[in-house]
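2 protein chains.
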Amino acid sequence: MNTKQIVLASRPKGLPQLTDFRFEHTGLPEVKKGEVLLKPLYYSVDPYLRNRMNDGKLYSQSFKIDHPVESNALAKVIESSSDYFNPGETVIGILPWREMCVVSEKGLQKVDATHDPVSNYLSVWGMTGLTAYIGLMHICKPLAGETVVISAAAGAVGLVVGQIAKILGCRVIGITGSDEKVKLLVSNYGFDEAINYKTTTYMSNAIGTVCTDGVDIYFDNVGGEISDAVINNLNSGARIAICGQISLYNSTTLPVGPRIQETLLTKSAMMRGFQVNNFKSEFPDAIQYLTKWVKDGQLKFTETTFQGFAQLPAAFLGLFNGENTGKMIVKI
Amino acid sequence: MNTKQIVLASRPKGLPQLTDFRFEHTGLPEVKKGEVLLKPLYYSVDPYLRNRMNDGKLYSQSFKIDHPVESNALAKVIESSSDYFNPGETVIGILPWREMCVVSEKGLQKVDATHDPVSNYLSVWGMTGLTAYIGLMHICKPLAGETVVISAAAGAVGLVVGQIAKILGCRVIGITGSDEKVKLLVSNYGFDEAINYKTTTYMSNAIGTVCTDGVDIYFDNVGGEISDAVINNLNSGARIAICGQISLYNSTTLPVGPRIQETLLTKSAMMRGFQVNNFKSEFPDAIQYLTKWVKDGQLKFTETTFQGFAQLPAAFLGLFNGENTGKMIVKI
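Residue numbers (our numbering), protein chains in the order written: chain A, 1 to 332; chain B, 1001 to 1332.
One or more of the hints may lead you astray.
[Stated by the list, open to error] The calculated PhoX-like cross-link candidates involving lysine-lysine, where the alpha carbons are at most 25 Å apart (straight line), are:
1) LYS267(A) with LYS1064(B)
2) LYS331(A) with LYS110(A)
3) LYS267(A) with LYS1280(B)
4) LYS267(A) with LYS1013(B)
5) LYS1141(B) with LYS280(A)
[Unchecked claim] A few chain A positions that, by computed beta-carbon distances, are all more than 10 Å from chain B:
6) ARG11
7) THR26
8) GLY27
9) LEU41
10) TYR84
11) MET100
12) GLY169
13) ILE332
[Unchecked claim] Here are some chain B residues pointing at chain A (derived, C-beta under 8 Å):
14) LEU1049
15) ILE1242
16) PRO1255
17) GLU1262
18) PHE1274
19) ASN1278
Simulated from the structure, these hints should not be mistaken for lab results.
Just so we're clear, the structure is a prediction, and the values are computed from it rather than from any experiment.
By construction, the Cβ of each residue, glycine as well, lies at the ideal position given by its N, Cα and C atoms.
Construct all of the structure, not just a fragment, from the sequences and the given hints.
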């Protein structure tokens, strides 16, 4: 039996190109004990995959050249030699970019396929929601009345962070890349203010103007000059969660910028990078709150969906052009 | 009644010069209700004073031009209109650089003058010891077996941090500025290794060589390129306490360097600036441990003493040339 797959053809230099990926046919192995045959339904594409395309220095799990890219996905079980999964069930896990795949039962989890839209398991119910919740609650620890600034605010994680911060009684400022997204953040998602960094010359002043009481919390998805501008406006005791650095992922030289330690010192501020999988013990709590807020209508979500397996590379590239609002999903 | 004082004559441009200070005579006001007349015995000079000599942007309490510099000091009460302090008692507080001064009782604390040397109240028993303890225990939270790197390791705070980390069972690496200090750290203060950054070309490699298991904790007193080199060797879950940035205090341009956020992200690392006075509730605990360790002979300390009121500016300048081992003190 044959299937199509998408492999990493070359390590991207700077911004990834479609030519860094290659489509090919591959054989499907037989389904051995403890394995399942899956048909992926939805893939999540995420900025962090860019790092896995580099030589493995920073992230341990570097993709191999000529091997399929992998990302979080929802899939239907077609055939099973596992004691835990039955044909017809829907599962979530990190899957290779293949139209059909045989994988170990390990790392797969069942999801409720009647939930509509089921793709939400890749976004607000999944890693996106958990990342937003853990980063905000466990790294930033917001108090009501504090000012929270979020970069890539209309992105998958940013959208959830902003709404949770509003639920907690914070003043919430989003930084985003188009006037349309500015409008969306304020009118649809309850942000107090939003700034289009692409049309703003003096970001530091612009942030100072809307953050009249300074910045208590910065949820950073982008890094670079946007972060410099936010850090210029920190309050004493500020907390910064580093969730992503998308503005730097395609950098071909070592990114340099103002040294921030003296600001952290004089402001008694804290900055912490985090990876959500290190907080698994907090997941049940997080899921309980996320579920409640979605049910109550306090937490809304949106996805940008590309259609078809062949669109996986284009959807991934779209992340770096701000083509997504909310989670970027590929429906197979 | 007249006395001598040292005022800030001009805001230093880069490295402070003796000409930034001016000696002058001034009158002593009468001692009003709630005030005391003090004769300073010992002054502490500290790197952070450099920031107070700048225009007040970062630190709120900028020194005023033509007004006396102030620093932590021990003094004898000569005359008192306070209900709390009596002539003959020894007190500690932030005092102007004056041979005699009249100050409010607020902010003064009595010390036990029989303690020998009493100057230790300015170092291991005082802010220095507390800063080391709070920064290490409450910011870095070391575990036995972890590797701790300390910059300005032979300085006042660094010396205490290293010894506490050894008491806790950590592997301790000091970075310092002379071969003499390297030897001192290892033979007198129990550091496992020490590196002379002035004679080491590739600091990042040198740190990697002695930190065979990577760096779990970095206690940063200096900033700049030394910090870049340490950050290159961070382990996953590393903690960085920013206590000082002495290498940058005299910078006349905005210091730039490698952006560190991506490293903090990939290493799930935390960096936090702190000021010891924000941890007052932890002081009693800290003092109890510091006292015990000194009594047990586990925590040793040294001071570098300049003699005479006129030496205050020179002692302060000496901090930037590494003229001190341990705490820099001026005995009046």
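Structure-based check of all given hints:
1. LYS267(A) with LYS1064(B): Measuring from Cα to Cα gives roughly 21 Å; hence the hint holds.
2. LYS331(A) with LYS110(A): With a Cα-Cα distance of about 19 Å, the restraint between LYS331(A) and LYS110(A) holds, given a limit of 25 Å.
3. LYS267(A) with LYS1280(B): holds (17 Å)
4. LYS267(A) with LYS1013(B): Given that 25 Å is the threshold and the Cα spacing comes to 23 Å, the pair holds.
5. LYS1141(B) with LYS280(A): holds (21 Å)
6. ARG11: holds (17 Å)
7. THR26: holds (31 Å)
8. GLY27: GLY27(A) is indeed farther than 10 Å from all Cβ atoms of chain B, at 35 Å.
9. LEU41: holds (30 Å)
10. TYR84: Fine: 30 Å to the nearest Cβ keeps TYR84(A) off the interface.
11. MET100: Answer for MET100(A): holds, closest chain B Cβ roughly 33 Å.
12. GLY169: holds (24 Å)
13. ILE332: The claim stands: ILE332(A) keeps its Cβ more than 10 Å from every Cβ of chain B (closest is about 30 Å).
14. LEU1049: violated (14 Å)
15. ILE1242: Since chain A brings a Cβ to about 5 Å from ILE1242(B), closer than 8 Å, the hint holds.
16. PRO1255: Since the shortest Cβ distance to chain A is 4 Å, the answer is holds.
17. GLU1262: holds (5 Å)
18. PHE1274: At about 6 Å, which falls below the 8 Å cut-off, the nearest Cβ of chain A leaves the hint on PHE1274(B) intact, so it holds.
19. ASN1278: This hint holds: ASN1278(B) lies near chain A, its Cβ roughly 6 Å from the closest one there, short of 8 Å.
Going through the hint list in order, the structure does not satisfy hint 14, though it satisfies all others.
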